[in-house]
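Model the placement of chain B on the given structure of chain A, informed by the hints.
Protein chains: 2
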Amino acid sequence: MEKKSTYEQLRPLLRPATVAVIGASRSPEKIGYQVLKNLLDGGYPPDKVFPINPKATQILGLKCYPSVKDVPVPVDLAVIVVPARIVPIVLKDCAKKKVKAVAIISAGFKEVGNVEAELELVKIARSAGMRLLGPNIVGVCDTVEGVNASFCQGLPLKGEIAFITQSGALAIGLVGWTVLKKIGLSDLVSIGNKADVNEIDLMEFFAEDPYTKVITIYLEGTDDGRRFLEVAKKVTKCKPVIVLKAGKTERTVAAIKSHTGSLAGSDIAYDAAFKQSGVLRASNFIELFNWAVALAKAPLPRGENVIIITNGGGAGVMATDAASEYGLKLMDIPRDLAEKLRKFMPPFGSTLNPVDLTGMATREWYEGALRVALEDHRVDAVVVLYCHTAITSPLDIADGLITAYKATGARKPVVAAFIGGIECEKAYQKLTKAGIPAYASPEEAVSALGAIYQYARYLRKPKRTYPTIKVDRERVAKLIYGALKEGRRALSPAEAAEVALAYGIPVPEKPLAKSEEEAVVISNRLGYPVVLEVESPQIIHKTEVGGIKLNIKDAEGVRKAYREILESVRKLAPEATIKGVIVRKMIPQGKEVIVGMHRDPVFGPVIMFGAGGILVELMKDVSFRIAPVSMEDAEEMMKETKVYALLKGFRGESESDIESVKEVILRVSKLALDFPEISDIDVNPLFTYEKGKGCIAVDVKIMMQR
Amino acid sequence: MEKKSTYEQLRPLLRPATVAVIGASRSPEKIGYQVLKNLLDGGYPPDKVFPINPKATQILGLKCYPSVKDVPVPVDLAVIVVPARIVPIVLKDCAKKKVKAVAIISAGFKEVGNVEAELELVKIARSAGMRLLGPNIVGVCDTVEGVNASFCQGLPLKGEIAFITQSGALAIGLVGWTVLKKIGLSDLVSIGNKADVNEIDLMEFFAEDPYTKVITIYLEGTDDGRRFLEVAKKVTKCKPVIVLKAGKTERTVAAIKSHTGSLAGSDIAYDAAFKQSGVLRASNFIELFNWAVALAKAPLPRGENVIIITNGGGAGVMATDAASEYGLKLMDIPRDLAEKLRKFMPPFGSTLNPVDLTGMATREWYEGALRVALEDHRVDAVVVLYCHTAITSPLDIADGLITAYKATGARKPVVAAFIGGIECEKAYQKLTKAGIPAYASPEEAVSALGAIYQYARYLRKPKRTYPTIKVDRERVAKLIYGALKEGRRALSPAEAAEVALAYGIPVPEKPLAKSEEEAVVISNRLGYPVVLEVESPQIIHKTEVGGIKLNIKDAEGVRKAYREILESVRKLAPEATIKGVIVRKMIPQGKEVIVGMHRDPVFGPVIMFGAGGILVELMKDVSFRIAPVSMEDAEEMMKETKVYALLKGFRGESESDIESVKEVILRVSKLALDFPEISDIDVNPLFTYEKGKGCIAVDVKIMMQR
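Same order as they appear, the protein sequences are chains A and B.
In this text, residue positions in the first sequence follow the numbering used here: the first is 1, and each later residue adds one.
In this text, residue positions in the second sequence follow the numbering used here: the first is 1, and each later residue adds one.
Extracted from the complex, chain A is given alone in its bound form (with noise of 0.2 Å):
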């Protein structure tokens, strides 16, 4: 038999075309009646609805069974509100009856320790194929088929954003807010404890939901990250998916482990894994569905020039700094245009963007400004901004705005911010039901437009390339186990040297010279100036025995450092084993930049690029990326950081190898996913020279996990 499809899988407990409610009561007060009560009140059909309580015989005038099991038809959903002990019995009746999809509503599980009864329920859904949502959830509102088999008061409004929440509080708390808002979902699923159904396995399914246009999670952690990011990389490719993701701090994230029990990976992590799958990360539930709506409602821009159209100039400067903050780019308005834009404001007003049409501005001259822009062709969206004045009807420069907007074709985004009172909010209401996706302040407009450019770059980036590495992988092996069979965590400096030049970062070469003529020969091939230095195990402190030499500029110099070394060293330090003297070539003060790795618990190997030295260090001037790391992400890394100006030729500077730079990157990344037993790599300072001249890792540290 094939396997079912994840959208197959969840369409049960989603769409389900009859649902049966385990646990329901006649006591009003009951959680078990109130679910019964809110699936009639939604609208779903009652002959569908199968209440199961072995106590009664009808409850709110449906025929009562007294197990899921006796129940005369195929049972898609059962949704599950008995207590905690007697949730194993029922499910196994919901086996038995060979039903598609369970909700457990029940709380008293993984969240409160018994960790062992959760994976009880999960043995049990498995074996009988049932995919599992819960426990410890507030339920699953379908505005589609009018599900309300949740303790939410009312279903949301119908609509196109499906909202996935990992905190049920929330759930009931956005229903009534949304309703408010006049925001419109598919669906509201609470996950809980996500024994079973997880939020990756509903971007999958919303992913093929065609009533589901934006899918919104509030996401405190997910516990398979690199799943995550596949999945999310998939989805974000036909729809745009936006995390409210919390915990940025050590005590939220404490507070999260208090509450869900979820694995805490580092903040640092999901945002690099956002980034990489091309998901928008919202900071607060407000800008979560101001995105959604425009995402929902609006079409993708096809570049990047916008106008801002305004009856008055404070909104207008408070949307041009918004602009700045959010990433959109303001065009210079083109003369012709200008002259266009002319006939629709009064001599003082400004055709420069933004375009003030000043506040004597009519239906007409924003309905014309509007059309104008929309059909000239090097524009590509359009902020429209208003402020309620004593002259016009704001459902009036509505009407204006969406004909504008129908007559051109409704190709390209336009976003609004209408600045007023109740008459206000209801010509944003018709705004954003016409496409023209409307806000209350400038600020939400800009950052909505914001949203719908950060998703259409991502759609519009190239390809992600990964080209093949050679390295020399047994040679690695060795020392990483050797090291751990002695017990060691971390890597000596010589053996992650080894290590490095392995995997083909450059590390600067330490040959051992056991003769003058030796020395001399290495140094010819290395190259001048060098660096003699003494190795002995006993010699901790070279500088004090003599046992240093630096700038060597000749094999002249070469004997004559290698005499004066042996000479010193034996006459300071006479009891010390000399097994020869090292050979290097003297490094160069080159840009310093750093590479590192950490492994995240959630999302496995985390690369970093910054800027390297210990000033910088305070700055904090980094990016992150999870491995595998691809040449695009490597070149979008470094983009991110302030030290990338300085290795593209700062001040009229030449520029540095940025190429090989970019390869340390690659390797790094390519090294940490070869070798899980890695925990940390630090490549710092990794010396970056001129363009062409490559890079050289001045230290290098290897740490391991057991």
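Accuracy of the hints is not assured; some may be wrong.
Cβ pair distances, simulated, as ranges [unchecked claim]:
{"hint": "1", "chain 1": "A", "residue 1": "554", "chain 2": "B", "residue 2": "529", "range": "23 to 33 Å"}
{"hint": "2", "chain 1": "B", "residue 1": "586", "chain 2": "A", "residue 2": "576", "range": "31 to 41 Å"}
{"hint": "3", "chain 1": "B", "residue 1": "347", "chain 2": "A", "residue 2": "468", "range": "20 to 30 Å"}
{"hint": "4", "chain 1": "B", "residue 1": "29", "chain 2": "A", "residue 2": "347", "range": "16 to 26 Å"}
{"hint": "5", "chain 1": "A", "residue 1": "327", "chain 2": "B", "residue 2": "568", "range": "49 to 59 Å"}
{"hint": "6", "chain 1": "B", "residue 1": "659", "chain 2": "A", "residue 2": "579", "range": "44 to 54 Å"}
{"hint": "7", "chain 1": "B", "residue 1": "468", "chain 2": "A", "residue 2": "654", "range": "27 to 37 Å"}
{"hint": "8", "chain 1": "A", "residue 1": "551", "chain 2": "B", "residue 2": "584", "range": "22 to 32 Å"}
{"hint": "9", "chain 1": "A", "residue 1": "426", "chain 2": "B", "residue 2": "116", "range": "41 to 51 Å"}
{"hint": "10", "chain 1": "B", "residue 1": "489", "chain 2": "A", "residue 2": "465", "range": "28 to 38 Å"}
{"hint": "11", "chain 1": "B", "residue 1": "584", "chain 2": "A", "residue 2": "654", "range": "45 to 55 Å"}
Honestly, the hints are just simulated from the structure, not real lab data.
Ideal Cβ placement from N, Cα and C applies to all residues, glycine included.
Only chain B this time, still in chain A's reference frame:
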């Protein structure tokens, strides 16, 4: 006669006993009609309103007068709505009538280039002792006396927030918006072109106005930065001032110039001025009013210990993230308090901070937990979060919170976020009224408490001290006037060093030796190692002619270097006049910082401190203050940078001489204040050494303005 205070002068404008409307009209579509109607609709006594129109005898049931001079009683405020060219004529009538204040709604002055006409208005008003608001305004709304002297369709709700706006369009829009949001205002004042009365005067008025608790301003630019700073410093001592300052980017500044003709000071200078005067800077109007409501309603906290109480883990997590963003310090809850809180939650609730009462929380639990928290002397402020649940009513929860708040004396700030629909909206309006500012999202509540803390911390700051600084002012005057006389806009490096020395900023001494013997004497005095460099007006690249010798370690070396330099220069640059050889001590590498000054057109000298060097220039790790900089300002500005951690001794390094850097900041501040001719000062790098060893300015640049 004693000069009236600003408060006395502006009382007739903002709390008028009688109002004349000059240009009152019978045509409902005219502003002259609307203003009159609005006055009456707003509830202002009709017998105190006097329409002026030579062509009418009666408007809206009121007797009409041909001129303001004909009004039989004294006129406090004349609102002028006649065409621009008539304004001076009626203004002269006002002067004759001894009208106390005028508000000129009419446009067509400076904003369209008519600068002269506007100056003429000011002249007329000043000579008659009338204060003048406008021109080009929407008007004034005063909810205290019920004066709607504007073309805003209605009055705002009564309240304690004064709103001053430089954007007229925003005024009308925000009246509607504040009514919708149930936010009350004491006044809304549109300041238009600010020919006479500006935001500074109004700040002074509202500081004394008993009906206003919080002053809010939408500001695009002030014309007198230094007066703004002085007045704001005084006003914030008694009332919070919140400013929404638009115009952060170049494009925004251009937009502002184009529509208000305001002088554009740099955003950096505004930011510094706000910081120094305790003005809170909001980033959008929603935040502005959220903060204003909080500051109008809640008491100030006495300490930093904040507790979050929630019924949903998710909301708690969001608030915790926000707390870190808005600078709130969540307290570690002491065991005895935790025990008391335990009574108001199920066993799986949490007494960590956030305190999680869980979804089972009732009115009694909320009330009990809040009361226990407020009664504890260690707790200074509380954030209460509530997600609407199936088992509770938001209004009920609100009542519980209000009861606890009042029972404990309403002495500590409590803010709340109620997440849900229409019932929550009602609940948070009730809460706000009762002194618990409440919002729709955790972030808004935390941000509001953050604003309360920002203000409270400002009030607690130590008094500013300005130590007397001894300098040689005449020596500097000679150098600067000398250079200006020669038409130069920059001092030479030697001159700049001399200025620095005269103002006590340590620079390396660079005495000139005219003989080998003299070079030795100087070197002995400075201490070794020293550097010798040839001084010749013809020689620019000293190295190329062998004109520099570094790292000279003793007198013998000095003699040898002196001879070699002369020999080499004579040979390689035979035509050059050799003035002698400069002797300077080798400057040891210190921690690099920068101290600078740029003279802002609006605020005057802006002093900068930050990390020095090329890399950190990319990082822009800098902070700013308006001169004069106090000891405390200098300290605070240093602490705002990341490089401060380096100076304090990062990673076990010893602490640097922070006091000496502070001293340089104060001295640069004084230099800038003493010489308005100086446009820019750049002390970079300033090498800073170990504590007690001072700092030294390696390079000093001084530029002048004409």
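Check the following: the C-beta atoms of residue 426 (chain A) and residue 116 (chain B) are separated by a distance inside 41 to 51 Å. holds (45 Å)
May I ask you to test the hint 23 to 33 Å on the CB atoms belonging to residue 554 (chain A) and residue 529 (chain B)? holds (27 Å)
Verdict for residue 586 (chain B), residue 576 (chain A) (Cβ pair) under range 31 to 41 Å: Given a distance of about 35 Å, which is inside 31 to 41 Å, the answer is holds.
Has the hinted range 27 to 37 Å been met by the Cβ atoms of residue 468 (chain B) and residue 654 (chain A)? violated (50 Å)
When you take the CB atoms of residue 659 (chain B) and residue 579 (chain A), is the distance between them in 44 to 54 Å? Since the Cβ atoms of residue 659 (chain B) and residue 579 (chain A) sit about 51 Å apart, the hinted range of 44 to 54 Å holds.
May I ask you to test the hint 49 to 59 Å on the CB atoms belonging to residue 327 (chain A) and residue 568 (chain B)? holds (57 Å)
Between residue 551 (chain A) and residue 584 (chain B), does the beta-carbon spacing fit 22 to 32 Å? holds (25 Å)
Taking 20 to 30 Å as the hint, is the beta-carbon distance of residue 347 (chain B) and residue 468 (chain A) inside that range? violated (57 Å)
Evaluate the given range 16 to 26 Å for the C-beta pair formed by residue 29 (chain B) and residue 347 (chain A). For residue 29 (chain B) and residue 347 (chain A) the Cβ distance comes to about 21 Å; the hint holds.
Should the hint that residue 584 (chain B) and residue 654 (chain A) are 45 to 55 Å apart at their CB atoms be regarded as holding? violated (31 Å)
Could you say whether the range 28 to 38 Å given as a hint is met by the Cβ separation of residue 489 (chain B) and residue 465 (chain A)? Because 53 Å falls outside the window, the suggested range is violated.
In terms of the numbered hints stated before, the structure departs from hints 3, 7, 10, 11, listed from lowest to highest.
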